[in-house]
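Novice: Given next are the chains, with one letter for each unit.
There are 2 protein chains.
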Amino acid sequence: MRQSDLFTKTTKTISAEEKSVNASLLIRAGFVDKLAAGIYTFLPLGLRVLNKIENIIREEINEAGGQEILMPALHPKENWQKTGRWESFDALFKLKGGDKKEYALGATHEEILVPLAKKHISSYKDLPRYIYQIQTKFRDEVRAKSGLLRGRQFLMKDLYSFHADEKDLNSYYEKIKDAYWKIFERAGIKDKTYLTLASGGTFSKYSHEFQTVTSAGEDTIYICEKCRLAVNKEILKDENPVYPVRNRISNGVCPECQNEKFKVEKAIEVGNIFKLGAKYSAPFGLKFIDNAGKERAVIMGCYGIGLDRLMGTVVETNNDENGIIWPKSIAPYQAHLLLLAPQEREIREKADLIYNTLLKSDIEVLYDDRNLSAGIKLKDSDLIGIPLRLVISGKTRENIEVKERKRKEAKLLGLGEVIEMITNG
Amino acid sequence: MRQSDLFTKTTKTISAEEKSVNASLLIRAGFVDKLAAGIYTFLPLGLRVLNKIENIIREEINEAGGQEILMPALHPKENWQKTGRWESFDALFKLKGGDKKEYALGATHEEILVPLAKKHISSYKDLPRYIYQIQTKFRDEVRAKSGLLRGRQFLMKDLYSFHADEKDLNSYYEKIKDAYWKIFERAGIKDKTYLTLASGGTFSKYSHEFQTVTSAGEDTIYICEKCRLAVNKEILKDENPVYPVRNRISNGVCPECQNEKFKVEKAIEVGNIFKLGAKYSAPFGLKFIDNAGKERAVIMGCYGIGLDRLMGTVVETNNDENGIIWPKSIAPYQAHLLLLAPQEREIREKADLIYNTLLKSDIEVLYDDRNLSAGIKLKDSDLIGIPLRLVISGKTRENIEVKERKRKEAKLLGLGEVIEMITNG
Numbered sequence: 001m002r003q004s005d006l007f008t009k010t011t012k013t014i015s016a017e018e019k020s021v022n023a024s025l026l027i028r029a030g031f032v033d034k035l036a037a038g039i040y041t042f043l044p045l046g047l048r049v050l051n052k053i054e055n056i057i058r059e060e061i062n063e064a065g066g067q068e069i070l071m072p073a074l075h076p077k078e079n080w081q082k083t084g085r086w087e088s089f090d091a092l093f094k095l096k097g098g099d100k101k102e103y104a105l106g107a108t109h110e111e112i113l114v115p116l117a118k119k120h121i122s123s124y125k126d127l128p129r130y131i132y133q134i135q136t137k138f139r140d141e142v143r144a145k146s147g148l149l150r151g152r153q154f155l156m157k158d159l160y161s162f163h164a165d166e167k168d169l170n171s172y173y174e175k176i177k178d179a180y181w182k183i184f185e186r187a188g189i190k191d192k193t194y195l196t197l198a199s200g201g202t203f204s205k206y207s208h209e210f211q212t213v214t215s216a217g218e219d220t221i222y223i224c225e226k227c228r229l230a231v232n233k234e235i236l237k238d239e240n241p242v243y244p245v246r247n248r249i250s251n252g253v254c255p256e257c258q259n260e261k262f263k264v265e266k267a268i269e270v271g272n273i274f275k276l277g278a279k280y281s282a283p284f285g286l287k288f289i290d291n292a293g294k295e296r297a298v299i300m301g302c303y304g305i306g307l308d309r310l311m312g313t314v315v316e317t318n319n320d321e322n323g324i325i326w327p328k329s330i331a332p333y334q335a336h337l338l339l340l341a342p343q344e345r346e347i348r349e350k351a352d353l354i355y356n357t358l359l360k361s362d363i364e365v366l367y368d369d370r371n372l373s374a375g376i377k378l379k380d381s382d383l384i385g386i387p388l389r390l391v392i393s394g395k396t397r398e399n400i401e402v403k404e405r406k407r408k409e410a411k412l413l414g415l416g417e418v419i420e421m422i423t424n425g
Numbered sequence: 001m002r003q004s005d006l007f008t009k010t011t012k013t014i015s016a017e018e019k020s021v022n023a024s025l026l027i028r029a030g031f032v033d034k035l036a037a038g039i040y041t042f043l044p045l046g047l048r049v050l051n052k053i054e055n056i057i058r059e060e061i062n063e064a065g066g067q068e069i070l071m072p073a074l075h076p077k078e079n080w081q082k083t084g085r086w087e088s089f090d091a092l093f094k095l096k097g098g099d100k101k102e103y104a105l106g107a108t109h110e111e112i113l114v115p116l117a118k119k120h121i122s123s124y125k126d127l128p129r130y131i132y133q134i135q136t137k138f139r140d141e142v143r144a145k146s147g148l149l150r151g152r153q154f155l156m157k158d159l160y161s162f163h164a165d166e167k168d169l170n171s172y173y174e175k176i177k178d179a180y181w182k183i184f185e186r187a188g189i190k191d192k193t194y195l196t197l198a199s200g201g202t203f204s205k206y207s208h209e210f211q212t213v214t215s216a217g218e219d220t221i222y223i224c225e226k227c228r229l230a231v232n233k234e235i236l237k238d239e240n241p242v243y244p245v246r247n248r249i250s251n252g253v254c255p256e257c258q259n260e261k262f263k264v265e266k267a268i269e270v271g272n273i274f275k276l277g278a279k280y281s282a283p284f285g286l287k288f289i290d291n292a293g294k295e296r297a298v299i300m301g302c303y304g305i306g307l308d309r310l311m312g313t314v315v316e317t318n319n320d321e322n323g324i325i326w327p328k329s330i331a332p333y334q335a336h337l338l339l340l341a342p343q344e345r346e347i348r349e350k351a352d353l354i355y356n357t358l359l360k361s362d363i364e365v366l367y368d369d370r371n372l373s374a375g376i377k378l379k380d381s382d383l384i385g386i387p388l389r390l391v392i393s394g395k396t397r398e399n400i401e402v403k404e405r406k407r408k409e410a411k412l413l414g415l416g417e418v419i420e421m422i423t424n425g
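Quick mapping for you: the protein sequence lines, in order, are chains A and B. In this text, residue positions in the first sequence follow our numbering: the first is 1, and each later residue adds one. In this text, residue positions in the second sequence follow our numbering: the first is 1, and each later residue adds one.
Everything labelled a hint here was simulated from the structure, so no lab data went into it. Be aware that one or more of the hints could be misleading.
Keeping only pairs whose Cα atoms sit at most 27 angstroms apart, straight-line, the calculated DSS-like set for lysine-lysine is [to be verified]:
{"hint": "1", "chain 1": "A", "residue 1": "Lys145", "chain 2": "A", "residue 2": "Lys12"}
{"hint": "2", "chain 1": "A", "residue 1": "Lys145", "chain 2": "B", "residue 2": "Lys350"}
{"hint": "3", "chain 1": "B", "residue 1": "Lys350", "chain 2": "A", "residue 2": "Lys125"}
Have a look at the derived ranges for each label pair, beta carbon to beta carbon [stated by the list, open to error]:
{"hint": "4", "chain 1": "B", "residue 1": "Thr220", "chain 2": "A", "residue 2": "Thr10", "range": "32 to 40 angstroms"}
{"hint": "5", "chain 1": "B", "residue 1": "Ala410", "chain 2": "A", "residue 2": "Asn55", "range": "36 to 44 angstroms"}
{"hint": "6", "chain 1": "A", "residue 1": "Arg228", "chain 2": "B", "residue 2": "Lys125", "range": "46 to 54 angstroms"}
Ideal placement from N, C-alpha and C gives every residue a C-beta, glycine not left out.
Whenever a hint applies, use it, and build me the whole structure from the sequences.
Specialist: Okay, here's the thing in structure tokens:
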């Protein structure tokens, strides 16, 4: 993409009320635009990142047997009344249609998927099933101040699993734990992410969250650095006596490895996995006939990852004073080619040729061919944060000045070497 | 995909109130599920079709220079008040948030994109720009009875172009006409689709619709078979004297080629293109400095295609008494492999081997490996409508019985011939 054609420009001015680091950087660099609190447009650069995150998640969930569907956002009131959440779910947007009926805007989809599953699951032969979507959720968050970390509308991958028994659920639950680790590794945040015990609700003792350490986080977690397990502070506050963890950690002992040293950190929940049991299958009567001919309730699990939040978390954990530092896997482009002497015909022709050669080598490249000063271009490049910067100027002659965004030193390389370097990762 | 693992099953029973052919077939075959009037879930088979339609549209719009973004569905009331459409747009869903502010659910996105464009367009150097998204729209249709042809929530490709002058708009408008023809050709409905003159609004004499002839259509069009131009009946009713077309067609003459024969048909609008002029740039003050240093209004065009509607239209125009007949380009799978003797080990092993070989040849195949009768499998296959049926039974021996969905005769071919046939289109 030629930057002279790109819809967006970087900007220095940003609303003083924008306190969040991720939103500030993403807005300044032209990845997103803020329409209202917690409501963002993804601009061309931002949508490229979001699509890469989406593809990573889709690949890993498909690998774990997921079948993708797409459920609607407009939900009839009756579905939410069946589970009691029309009243109890505290961030539900509600509206009335011209047909005088009431609707919720989907904040989660158990109320839609479970009655749908009932049409297709009736026998043990129909189990297990793993159904997911990547779809826009709406939540009426009154305090949406953390940029992409907490939106009022956001993309979510929500996976729901249907099982004949608890044993099968438990084994799939472990499989999804592995899939989540692969996703967070590929997105570049595994090192700062901890499997964290959290309140589990009705069915299991705990649920598991994946918490990424960042000062922008809304949760506090106790990390055992020895076994890398963490515990969400909310458990410690919980008065429910089924939590032996509470006592142990209150006594200063890791519930997993008995280590006595904890680190207390702010963190953001980038994923969660829940054992639901029959909590949602019961109100909708989702049952199956087992292989002995007996009718039994279908057992469920659910597993979420917010895509916008993941993107915001990557920015919170990968930046410096000059801008964003994207991991290669989700960067909007693989390389940022800068032409620093746009007025000089010979140098421009050389840069154009290099740009076209990179495109022919299937390399995703943003080409800053604008008639602007070297200073502006270098600053913009740091702000946008593409992992590899390629500079063409009067000084580079036959070569290209190559610098990784995350390093200080640059080096001169030939075009062939650059292509090999990018292609081989 | 093994059909024994597929989430959905076909069904014979469908609500008696479902009058629409497209919804009936798509629900019975397991492509979509109806949640409420005009609100559908896309099931695994349906989502595959939707994704193929989406990819065709994306490729052609990118080819026409489009830059993709993703705008939100929650729109602040103030944006819609600026254009007067908070009151005048008659199918706008409205709701109130916990912040006491009012929001519209996006029915179209001029109100969001124009103020956003103002942040990035200020000079003639920033023009033209072609910005689009593929995103969920909401419209509070009180009568949503045509299945996927008129939803209350649906996916739409909406493209907006920004120009320095009318001449540039006119030339891009023609470019998009060509892109639309390519899209409808690739989706398999070009032959039944007519470029149709329709009411144009404030800026141009007419807008253009792409209307596909089907008895399920909501519009009536007058088709000149000689030059393939059509005129929407709404123009004839229009009392606006700027339409010379009205007089000519009332006098029985085609406005394009003076032909005097018309065919009157029901049709559905599968795409529309509009010259907006400064209608939306004016209220938001979207201006630019031209190359003479003078401030001028940005001139706009907008161009829509509804994805769900396109899918419904394909079904309405491609079916027989046994089910859907998908065009190859958007079929959920390229081939439907049926194992008709699932209990016989030798035949099952042969079918499994063929299935795996097809997968290794990168052929998308749905494999009906279920323990069901041949009659059920053949009926399901016709209903689902995958273009090529491959039957393995006790009779086919070393070969495969190959039948195109749209033809009656079958033939026996070897596996290599089948792969070659599919791979070479």
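Novice: Against this structure, judge whether each hint is valid.
Specialist: Hints, verified against the model:
1. Restraint check for Lys145/A and Lys12/A: the C-alpha separation of about 20 angstroms stays at or below 27 angstroms, so the hint holds.
2. Proposed proximity of Lys145/A and Lys350/B is contradicted: the alpha carbons are some 60 angstroms apart, above 27 angstroms.
3. Among the hinted pairs, Lys350/B with Lys125/A is consistent with the structure: their alpha-carbon atoms are about 23 angstroms apart, no more than 27 angstroms.
4. Here the CB-CB span from Thr220/B to Thr10/A is close to 51 angstroms, at odds with the stated 32 to 40 angstroms.
5. A hinted range of 36 to 44 angstroms for the beta carbons of Ala410/B and Asn55/A is consistent with their spacing of about 39 angstroms.
6. Between Arg228/A and Lys125/B the beta carbon distance is about 52 angstroms. The supplied range of 46 to 54 angstroms therefore holds.
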